[in-house]
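Here is how the chains run, residue by residue.
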Amino acid sequence: MILSQIKVLDHQEITPSYHRMVLESPAIARGAQPGQFLHIRISDRHEPFLRRPFSIHRVRREKEGQGEIEILYEVVGRGTEFLSKRQQGEYLDILGPLGNGFRIGSEGRRIEKGALLIGGGIGVAPLVFLCEELITNHQLPVTVLLGAKSQDNLLCEEDFRKLGALIKIATEDGSCGHHGLVTDLLPTVSPPSSPIYTCGPYPMLKAIARATQEYHLSCQVSLEAHMACGVGACLGCGLKTRQGYKYVCKDGPVFDACEVIWDD
Amino acid sequence: MILSQIKVLDHQEITPSYHRMVLESPAIARGAQPGQFLHIRISDRHEPFLRRPFSIHRVRREKEGQGEIEILYEVVGRGTEFLSKRQQGEYLDILGPLGNGFRIGSEGRRIEKGALLIGGGIGVAPLVFLCEELITNHQLPVTVLLGAKSQDNLLCEEDFRKLGALIKIATEDGSCGHHGLVTDLLPTVSPPSSPIYTCGPYPMLKAIARATQEYHLSCQVSLEAHMACGVGACLGCGLKTRQGYKYVCKDGPVFDACEVIWDD
Amino acid sequence: MIKPNLEANIGGLRMKNPVMVASGTFGYGEEYGDLVDLNRLGAVVVKGITLEPKEGCPPPRIVETSCGMLNAVGLENVGVKAFIKERLPHLRGFDVPIIVNINGKDAKEYGVLAKILDGVEGISGLEVNISCPNVKAGGIYFGQDQAATYEVVTRVREVTNLPLIVKLTPNVTDITLIAKEAARAGADGLSLINTILGMAIDIHTRRPKLANITGGLSGPAIKPIALRMVWQVAQVVDLPIVGQGGIMTAEDAIEFILAGAKAIAVGTATFVNPKASIEIIEGIEEYLLREGIEDINALRM
Amino acid sequence: MIKPNLEANIGGLRMKNPVMVASGTFGYGEEYGDLVDLNRLGAVVVKGITLEPKEGCPPPRIVETSCGMLNAVGLENVGVKAFIKERLPHLRGFDVPIIVNINGKDAKEYGVLAKILDGVEGISGLEVNISCPNVKAGGIYFGQDQAATYEVVTRVREVTNLPLIVKLTPNVTDITLIAKEAARAGADGLSLINTILGMAIDIHTRRPKLANITGGLSGPAIKPIALRMVWQVAQVVDLPIVGQGGIMTAEDAIEFILAGAKAIAVGTATFVNPKASIEIIEGIEEYLLREGIEDINALRM
Ligand SMILES: Cc1cc2nc3c(=O)[nH]c(=O)nc-3n(C[C@H](O)[C@H](O)[C@H](O)COP(=O)(O)OP(=O)(O)OC[C@H]3O[C@@H](n4cnc5c(N)ncnc54)[C@H](O)[C@@H]3O)c2cc1C
Ligand SMILES: Cc1cc2nc3c(=O)[nH]c(=O)nc-3n(C[C@H](O)[C@H](O)[C@H](O)COP(=O)(O)OP(=O)(O)OC[C@H]3O[C@@H](n4cnc5c(N)ncnc54)[C@H](O)[C@@H]3O)c2cc1C
Ligand SMILES: Cc1cc2nc3c(=O)[nH]c(=O)nc-3n(C[C@H](O)[C@H](O)[C@H](O)COP(=O)(O)O)c2cc1C
Ligand SMILES: Cc1cc2nc3c(=O)[nH]c(=O)nc-3n(C[C@H](O)[C@H](O)[C@H](O)COP(=O)(O)O)c2cc1C
Ligand code: FES
Ligand code: FES
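Going line by line, the protein sequences match chains A, B, C and D. When the letters of the first sequence are read in order and numbered with the numbering used here, they come out as residues 820 to 1083. When the letters of the second sequence are read in order and numbered with the numbering used here, they come out as residues 820 to 1083. When the letters of the third sequence are read in order and numbered with the numbering used here, they come out as residues 2 to 302. When the letters of the fourth sequence are read in order and numbered with the numbering used here, they come out as residues 2 to 302.
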């Protein structure tokens, strides 16, 4: 956990609502795990007041002493809007890496058959980092199911392709791939027993959790909660689990789907 | 009184604390009087919360339908600091022109002998506009007494010189002109009976008011007060006068020195 | 789709929309004349009036705070007679209900004021301010005490049939108790909240920033508190509520309506954005259209 | 010039500087371990403790507001036994006074809690929280009532000689009355203010944003209110005050000290800037140096 002023190396608008920001931080790049997040101070004044959490989208740590991290974000409110105005060369006050990321080969078991990544909308953000880790460091075959409202909201297809993942797409309006929800694609995946890693809107995660529970599949979900501290101090991001309240920021944001008590 | 989004045409840092901003507004340029001010919204979020008042420093209205106004300001707190970061091409939400400016030839009497302008620190801002008006439109000889902490804080000497004013300078550290307060220069001015127009720190204005009252000189002071509305609606900028409370934003900011009840 | 109905009714006072401008933030309706078309507003609540002209507090009277401001104007006003003679005529020229905010030194004076105003042409309602934090005699005391609230409202009720809105102070342990007393004494509506007592100190001069030492906090900083109080009162008192406190946007206004307010008042926002009230009216209408709600009175949590 | 003296003493609890971290905003002192050197702090007030473990409120528990936040955590904690066994040992490793924030269901339970904690190694003082707005039984009720305040503090006072700081709620008509009762019952110090009850509504779902409906407002939005209450209490009660509510910077802290606080607590600021407390200590020292004040206890309005 590092708190520092970090330089914006690059900031690209992918579409008016999606932005990609590259940040210079050898220290965070060195320690970051897929699924972990950054807690970013949006303004040095009191509004927007709280920090905003963003998953680590990609990490580059080519040379010793160098390192870059990327976030991919959607403009949904005042904080992200303000963030989208920050320019190359400016500095951001960042706390991270925070939380527990995806466990690869959880409980000591090695994954042999490969992994299934399911991303909905902006939820793909942490999955690119994870995919790279799985393919490059673990030499595992990865299938990615990508879901979006429409082709315009489809993110990172190229990134996953370059990494060598097999990609299946679903859009709600049918403008690309399967016409329907990404969860419809679940039965089409083989082998059906690969461990699942997923991030996306709550209803999607819940549907996946339900499906995987039925088939006793290992499934890790990356969840969101409104956060104040990001480090477990405020107890603001409480999540109902079978072991009582856990904290999205400290115990998560990645949880086993089966330990989460899903809301209606 | 106009409320509009106004484009920043130019924004120059004179020294790290003093900035000059040129704004595009034919409508304000057309109606503005020396001594009036603009009420500028600093942020479109809630912090800094209130608008900030700035005197109209200069006006250009060369051609029909065109017009520029300038402010000259000092960075003293969060609002002016934030303002100093606005860039050319951005838009500012501005209410103005507001207030009652300097009265030239007050009470119907024409000024014959000329005018004496006394500016302390950033208080010179409205005097440049006034000086231009006096010299260009009223063909009056103008003497300007300029005071500052030191040579580095001396503002607008060149502007006054170009307009053709006679200038005398005092600095508190003696780095330029008379070593002492600008009020020390008062007895050196001739004719001693010119009407006085002044803006600057409160103690300076008070000293001048006292001196001019003794000699029964006409003296107009431009005063400051913390403001909310800027238009006379909140009664926040109350000023004690011999006629009861008046409002700096609506009745002023320019007042006859003799009507003000000066604080200790 | 047809235009949604925005009409509101506060205890007999009918408005074309639920958006008022709050007392003390819109002068006597002349100051923003060039910028705000009064005819578009739901109602105008004028600056607080007293029986005699009042000088108010010495300056400095206002201080900016985080997302808000403190004011200690101290009810400066021209007095009821000058108000009727000099300020009201201008307001009569508009097609908008005028609500007069009244302030007495004691219960009797509230009654005297109400009687003077009763029947005066161009006045549509009274807002009985029992909550000004910046005057020593009277003012805050009434609105912090159940019995005093009952007495003041009773006195006013006795002498007028004008719609009577009682303006409550948030500086209390349980605002519902005061609200209930106002209702029992015959109020037609409740206005809440007035400002919250606050303070600021200059660390360089080591003196309070306001000459009056303390002042009333307003603006977005207090919105969550105001909203909570409106919600609390709406649960237990069956009077229409004029919600206020930190409303800057249509979204804020809608929050208050969802919390149970029948109308809202825009206060400090006008200083920051003179057109706030107009933009809020437009924004509420757009929201209702978007959500497919035909009548604002059907908007509920 | 020599370094100014920053030492503070809150009813026998001696601190190297007047800057505490506030209850509920610093966990059990471990969470910010990497970033904040506990040894530099004046004191650490741990998250509120109850007799039995407490589950707290369902999520969502926090909402951002203008210059502040609402929380409805609901005093979730591991219970006093687990606290002593599992959390305290880590804290004992530091050279900083640990203050335990205690919360009972009734006056008796406050007494039981205090007795359990009395004499436990590593505990330097108790903060008796009679002001949590997010628990139904107990909690806010005590701090809104003079008699209940007196009773709770008396019960705690009977069983412990630890420095006793009573934490007051701002949700009252007159905080000085409650402060006086706490003093009369034997408090060694007062802590104010706790959060102010507030609310936020989602206009799209038309539901409250917090599962608990209402929550406690903290952050810079409430600073003017907190400052006013500290000043009011300091005028009439002769106990050292721990000022808090919206302190973000050293300047804010100094305002509280000028208003009459002997120490201050940094709460919500830590979420925004984990190093806020350390920067505030440094900023106070710089201010004293700049102003030529040799002892912080000499700093007065
Ligand atoms: C662990 C984690 C990782 C995330 N990673 C990403 C990412 O990689 N890319 C991305 O675009 N978004 C991500 N999000 C969501 C992102 O944090 C929110 O979209 C963002 O905080 C919205 O801020 P705002 O001011 O624009 O919206 P507003 O709605 O104005 O924000 C108001 C408040 O609500 C909170 N809030 C609003 N939406 C969310 C949300 N979905 N989750 C948590 N808090 C929220 C804000 O933090 C703020 O406190 C992540 C959230 C979490 C918890
Ligand atoms: C009619 C008028 C004309 C002015 N003209 C100029 C000008 O041409 N150039 C210039 O540099 N300054 C001018 N000022 C002063 C300028 O308004 C303040 O310096 C500015 O508001 C400070 O804002 P801040 O946020 O940087 O300071 P902060 O101290 O952080 O401001 C906090 C609050 O105090 C108010 N405030 C602080 N200082 C003053 C002040 N001196 N007068 C009024 N309010 C103040 C701010 O408006 C704000 O509400 C003028 C003031 C008035 C009333
Ligand atoms: C400068 C100022 C003056 C005010 N004067 C009055 C007044 O005379 N009578 C009154 O009932 N309320 C008065 N108020 C309170 C407002 O009407 C309103 O209730 C309060 O400010 C909360 O709303 P806001 O946050 O939207 O401003 C005043 C508020 C301000 C800021
Ligand atoms: C998330 C959160 C949890 C809190 N928990 C407690 C608590 O358990 N006990 C307590 O006495 N105060 C608690 N408080 C109140 C703070 O200690 C502090 O008094 C209050 O937040 C005002 O200060 P601030 O504005 O600096 O945060 C909590 C505040 C927050 C924001
Ligand atoms: S955000 Fe504070 S505990 Fe998770
Ligand atoms: S600033 Fe509102 S009356 Fe002058």
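No lab work stands behind these hints: they were computed from the structure. Predicted model, so just to flag it, every value in this text is computed and none were measured. Positions of the beta carbon are idealized from the N, C-alpha and C atoms, including for glycine. Just so you know, not all the hints are guaranteed correct.
Cross-link-like lysine-lysine pairs, in silico, DSS-like; alpha carbons within 30 angstroms at most [stated by the list, open to error]: (1) C:K276 to B:K1069; (2) D:K86 to B:K904; (3) B:K1069 to C:K4.
Chain C is nowhere near these chain B residues, computed Cβ spacing over 12 angstroms in every case [to be verified]: (4) Y837; (5) R879; (6) V894; (7) K904; (8) L914; (9) D971; (10) A1044; (11) V1050; (12) D1082.
Short, incomplete list of chain B residues facing chain A, as computed with Cβ under 8 angstroms [said to hold, decoys possible]: (13) H865; (14) E866; (15) K1065.
Results of checking the hints against the structure:
no. : hint              : in the structure
1   : C:K276 to B:K1069 : holds (19 angstroms)
2   : D:K86 to B:K904   : violated (53 angstroms)
3   : B:K1069 to C:K4   : violated (40 angstroms)
4   : Y837              : holds (22 angstroms)
5   : R879              : holds (24 angstroms)
6   : V894              : holds (16 angstroms)
7   : K904              : holds (19 angstroms)
8   : L914              : violated (7 angstroms)
9   : D971              : holds (22 angstroms)
10  : A1044             : violated (6 angstroms)
11  : V1050             : violated (5 angstroms)
12  : D1082             : violated (9 angstroms)
13  : H865              : holds (5 angstroms)
14  : E866              : holds (4 angstroms)
15  : K1065             : violated (34 angstroms)
Checked against the numbered hints given earlier, this structure breaks hints 2, 3, 8, 10, 11, 12 and 15; the rest are met.
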